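Keeping their order, the protein sequence lines are chains F and H.
Positions 903 to 1410 (my numbering) are the ones given, in order, by the first sequence.
Positions 903 to 1410 (my numbering) are the ones given, in order, by the second sequence.
Just so you know, these hints were derived from the structure itself, not from any lab.
Note that the coordinates shown come from a computational prediction; the quantities given were computed from them, not determined experimentally.
Hints may contain errors.
[Unchecked claim] Over 10 Å on every C-beta distance to chain F, these chain H residues come out as not near it, computed from the model:
id	residue
1	Pro925
2	Gly927
3	Gly954
4	Thr969
5	Ser1038
6	Thr1119
7	Val1379
[Said to hold, decoys possible] Calculated lysine-lysine pairs in the BS3-like style (CA-CA distance at most 27 Å, straight line):
id	chain 1	residue 1	chain 2	residue 2
8	H	Lys1141	F	Lys1387
9	H	Lys1387	F	Lys1260
10	F	Lys1117	F	Lys1149
11	F	Lys1141	H	Lys906
12	F	Lys980	F	Lys907
13	H	Lys1260	H	Lys906
14	F	Lys1141	F	Lys1151
15	H	Lys1388	F	Lys1141
16	H	Lys1117	H	Lys1078
17	F	Lys1078	H	Lys1260
We put the CB at the ideal spot given by N, CA and C, even for glycine.
Here is how the chains run, residue by residue.
There are 2 protein chains.
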Amino acid sequence: MTVKKTLRLNPQDNVVVATADLPTGTPIEGDVVAVARVPRSHKVATRPITKGEPIRKFGQIIGFASTDIIPGEWVHEKNVTMGEDFERDYAFAAEARPKEILLPGETPAFFEGFRRADGRSGTRNFIGILSSVNCSATAVDYIAEEINRSGILDDYPDIDGIVALPHSQGCGMAGKGEAFDVLSRTQWGYASHPNFAATLLVGLGCEVFQIPRMKETYQIAEGEHFQSLTIQETGGTRKAVEAGVAKIKEMLPFVARSRREPISASELSLALQCGGSDGYSGLTANPALGVAADMLVRQGGTAILSETPEIYGAEHLLTRRAESVEVGQKIVDLIAWWDEYTTRNGGEMNNNPSPGNKAGGLTTILEKSLGAVAKGGNSTLRGVYRYAERIDRKGFVYMDTPGYDPVAATGQVAGGANILCFTTGRGSAYGGKPVPSIKLATNNELYARMTEDMDINCGDVIDGVSLEDKGREIFNVILDVASGKKSKSELLGYGRHEFVPWQIGAVM
Amino acid sequence: MTVKKTLRLNPQDNVVVATADLPTGTPIEGDVVAVARVPRSHKVATRPITKGEPIRKFGQIIGFASTDIIPGEWVHEKNVTMGEDFERDYAFAAEARPKEILLPGETPAFFEGFRRADGRSGTRNFIGILSSVNCSATAVDYIAEEINRSGILDDYPDIDGIVALPHSQGCGMAGKGEAFDVLSRTQWGYASHPNFAATLLVGLGCEVFQIPRMKETYQIAEGEHFQSLTIQETGGTRKAVEAGVAKIKEMLPFVARSRREPISASELSLALQCGGSDGYSGLTANPALGVAADMLVRQGGTAILSETPEIYGAEHLLTRRAESVEVGQKIVDLIAWWDEYTTRNGGEMNNNPSPGNKAGGLTTILEKSLGAVAKGGNSTLRGVYRYAERIDRKGFVYMDTPGYDPVAATGQVAGGANILCFTTGRGSAYGGKPVPSIKLATNNELYARMTEDMDINCGDVIDGVSLEDKGREIFNVILDVASGKKSKSELLGYGRHEFVPWQIGAVM
Ligand SMILES: [Ca+2]
Ligand SMILES: [Ca+2]
Ligand SMILES: [Ca+2]
Ligand SMILES: [Ca+2]
Ligand SMILES: [Ca+2]
Chain F
903 MTVKKTLRLN PQDNVVVATA DLPTGTPIEG DVVAVARVPR SHKVATRPIT
953 KGEPIRKFGQ IIGFASTDII PGEWVHEKNV TMGEDFERDY AFAAEARPKE
1003 ILLPGETPAF FEGFRRADGR SGTRNFIGIL SSVNCSATAV DYIAEEINRS
1053 GILDDYPDID GIVALPHSQG CGMAGKGEAF DVLSRTQWGY ASHPNFAATL
1103 LVGLGCEVFQ IPRMKETYQI AEGEHFQSLT IQETGGTRKA VEAGVAKIKE
1153 MLPFVARSRR EPISASELSL ALQCGGSDGY SGLTANPALG VAADMLVRQG
1203 GTAILSETPE IYGAEHLLTR RAESVEVGQK IVDLIAWWDE YTTRNGGEMN
1253 NNPSPGNKAG GLTTILEKSL GAVAKGGNST LRGVYRYAER IDRKGFVYMD
1303 TPGYDPVAAT GQVAGGANIL CFTTGRGSAY GGKPVPSIKL ATNNELYARM
1353 TEDMDINCGD VIDGVSLEDK GREIFNVILD VASGKKSKSE LLGYGRHEFV
1403 PWQIGAVM
Chain H
903 MTVKKTLRLN PQDNVVVATA DLPTGTPIEG DVVAVARVPR SHKVATRPIT
953 KGEPIRKFGQ IIGFASTDII PGEWVHEKNV TMGEDFERDY AFAAEARPKE
1003 ILLPGETPAF FEGFRRADGR SGTRNFIGIL SSVNCSATAV DYIAEEINRS
1053 GILDDYPDID GIVALPHSQG CGMAGKGEAF DVLSRTQWGY ASHPNFAATL
1103 LVGLGCEVFQ IPRMKETYQI AEGEHFQSLT IQETGGTRKA VEAGVAKIKE
1153 MLPFVARSRR EPISASELSL ALQCGGSDGY SGLTANPALG VAADMLVRQG
1203 GTAILSETPE IYGAEHLLTR RAESVEVGQK IVDLIAWWDE YTTRNGGEMN
1253 NNPSPGNKAG GLTTILEKSL GAVAKGGNST LRGVYRYAER IDRKGFVYMD
1303 TPGYDPVAAT GQVAGGANIL CFTTGRGSAY GGKPVPSIKL ATNNELYARM
1353 TEDMDINCGD VIDGVSLEDK GREIFNVILD VASGKKSKSE LLGYGRHEFV
1403 PWQIGAVM
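With the rest of the complex left out, here is chain F (with noise of 0.2 Å):
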């Protein structure tokens, strides 16, 4: 029995990537044999190529053919070109398609989750203390911990935690404009989270972010689902603790009435994440995860893709994928804002292959770019939203973030992601809350040398198992999380420190 040597990233590719280096005569595929010797991690035809012709990986176009190519080359530099054109065209919606739809022999999926009175749904029954600033931090750390140490939600098995969420901001700031839209947007999208049953929002008093304006702007009325207080209003902080307290012992029975029911897969919202990533990631974990991103989207549920330093200058990649021009704008007007913001910080986007990337196989800014853009799949990019905005279309789409794990998790959250998939080579360690975080290592060594953190390998797809396969454990284990199978951070109890909502204005 021979090992596989080679990676077949997508049915309709012309070249598939070496996983181990391959002599000239290796046998790739049917009765293609490398023609000379390809490097490991490198890409070999397995089609005649013409010249100008595109080559594909991934389904999707990474560049074009400089001159002829034969089955069994070496596909590099040498051979391939960007393509000017392709360069200058965004060809807005080229390879848009309709709706997507389950294939032959997919039925339809469910979840057990939490239907909230907004109509959005649950994967996990938790109640929320936010933070409007920093200044309250503390005292939303008490409030939960005390409702803990007292031993009440024992009564309340259906009621999966208190989750404080403490953060750095909320003043010294501008109290208008971008900065603040952000936080704003992010603590509501928070508020209003369906994993929260409920939620309470502890302030200072003082601060730029204002309760009674945040209340204002998102016609929030008191009630069962939401309460507020300030430490300056109660009298310090003792007693803003023993009133929160307070308040969240009344919240309990309204809280626990939420059960888990059978629920559509198309109410799960899925936020893609990538952190810490390896020569790996473009070949198994991202692939697989986009496999599964695309099985979600089948079944009428959502995918968010993010990120935006990872495709800067590979947006071609998204717009043509967009289901309307006005979509597909979208995604170019933002690149334009990430120039400005990195320029004004007096830095610069550079997304290019470094010396590094090409010597692993990367050849061109679309395919390095791909490796990252690859969890999303390939299905039509159906919207574009602004860090923290909620969502609001179903399908694949695209929210605005920085490529900061903790950060760009918040903002897709804040829009509503209610489970999120998060693909490492390093071996992040993540885990946000209120939303399951189920980590993907894209390599072995690495599932076995942090497997207490990890809850998938994907390492074995380089040993022969299929992407599609992977991906229907992917899809498989997002089910089993979203209906309360606790996650690996979940177990390990992550989730206090990684509310960070973006920065992106001057402190004052």
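Given the coordinates of chain F, assemble chain H with the ligands onto it according to the supplied hints.
This is chain H with the ligands only, laid out in the frame that chain F set:
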């Protein structure tokens, strides 16, 4: 007996402040009576002031008479100008004085502190656990909790505890430049702080803020004082926590060898802070704290003024007091930096008195800023420091920080402050670790309402307690708290979330 209805802020002043509405004829000082009605919190002349002569409040110039003013006259916009010549002239070092020395009758003061190997002195004997990145924030919390839960600290009564310092940064940022340097200085300032006998730095492994690089930058050798580990190298969260707990346990005997001993007050470095100011801040708590700061400076100690947005436009207050042109120029330079910083972030600096400020008796930008600057006293400015830079001069110094309380205090502590005084009118609940915070209420009502959070009531200055007496009270509390007496925020347990390094750059 008549209650005094005016407040003299400095013996040199030619005005006093009305603490109540003063009808015509109200006795002011000596023979002086109000020649017309003076509204509460406004200024009244106590001496003849000829046109062009400076108006002095807090002993400092707040403007110039635009017409001759007679004793008992209301001093406000109609008879005060900023003086264009003054505005254009920084008058570097015009009011510099020789090194401050003890006054007749003053004796050297001491506190009970911890002498450290690097020659500095601590006011607490903590072990610190820092995270290099948000990805290891939860791990540092767990290490601290596990040590606390184990009960092992019961065997070490000379150790004040374990302080975990999670934060939100460390990755998704440029690996060089201003933002990186600020984080780097802050981390090292805490890791080497004299209130920590030893510190453990925990990373994830693949973050931008690399531990090996920090060790190289600051020439840190691992040993009894400093240890590090990463989650990725250790094999995941649980093992990293286990390894961290083991390292802390090894540190305990070394840390417990530190004992309090009498140390000169010249080793105290006092961070001056205000947050949630009100109309009383500039009349009671701030000038009283200024008296205490001057006392400390005469003892050979250090007093650190900060919060640049509050001196913006009134930098003349500090340039005149600078000990040299070079020191004064640094103030001017950082004002220019703030212009650039806020402009690039789409905002602007504006510290001018608002209509509400003017109605409240604040006539000029100098006077408004002096309300905050007053807490720095009247000593000569000996040095100007960047955010989180190690403070290496004694006397009155300035550190550039935002006004936002947790960020400002984090910079001062990183610079080496070992005691902090925080004035508040609205009622801040701030408390940080490892440096104790003493909170000063500006008014009686606040002190009564939030007594459990307030260490000192300065509201009684309005009732007739002199600023000198109040300043002495503050100075004595500083010595007590520096010697181990717990401040209110320490009793409440603050310090879990208040380590907030200034995030200056783009999040990517
Ligand atoms: Ca990534
Ligand atoms: Ca990321
Ligand atoms: Ca915490
Ligand atoms: Ca202030
Ligand atoms: Ca402040």
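These are the hints, each one checked on the structure:
no.: 1; hint: Pro925; in the structure: holds (33 Å)
no.: 2; hint: Gly927; in the structure: holds (38 Å)
no.: 3; hint: Gly954; in the structure: holds (35 Å)
no.: 4; hint: Thr969; in the structure: holds (37 Å)
no.: 5; hint: Ser1038; in the structure: violated (8 Å)
no.: 6; hint: Thr1119; in the structure: holds (20 Å)
no.: 7; hint: Val1379; in the structure: holds (19 Å)
no.: 8; hint: H/Lys1141 with F/Lys1387; in the structure: holds (23 Å)
no.: 9; hint: H/Lys1387 with F/Lys1260; in the structure: violated (61 Å)
no.: 10; hint: F/Lys1117 with F/Lys1149; in the structure: holds (18 Å)
no.: 11; hint: F/Lys1141 with H/Lys906; in the structure: violated (35 Å)
no.: 12; hint: F/Lys980 with F/Lys907; in the structure: holds (23 Å)
no.: 13; hint: H/Lys1260 with H/Lys906; in the structure: holds (24 Å)
no.: 14; hint: F/Lys1141 with F/Lys1151; in the structure: holds (15 Å)
no.: 15; hint: H/Lys1388 with F/Lys1141; in the structure: holds (20 Å)
no.: 16; hint: H/Lys1117 with H/Lys1078; in the structure: holds (16 Å)
no.: 17; hint: F/Lys1078 with H/Lys1260; in the structure: holds (24 Å)
Violated hints, listed in ascending order, are 5, 9, 11; each of the other numbered hints is respected by the structure.
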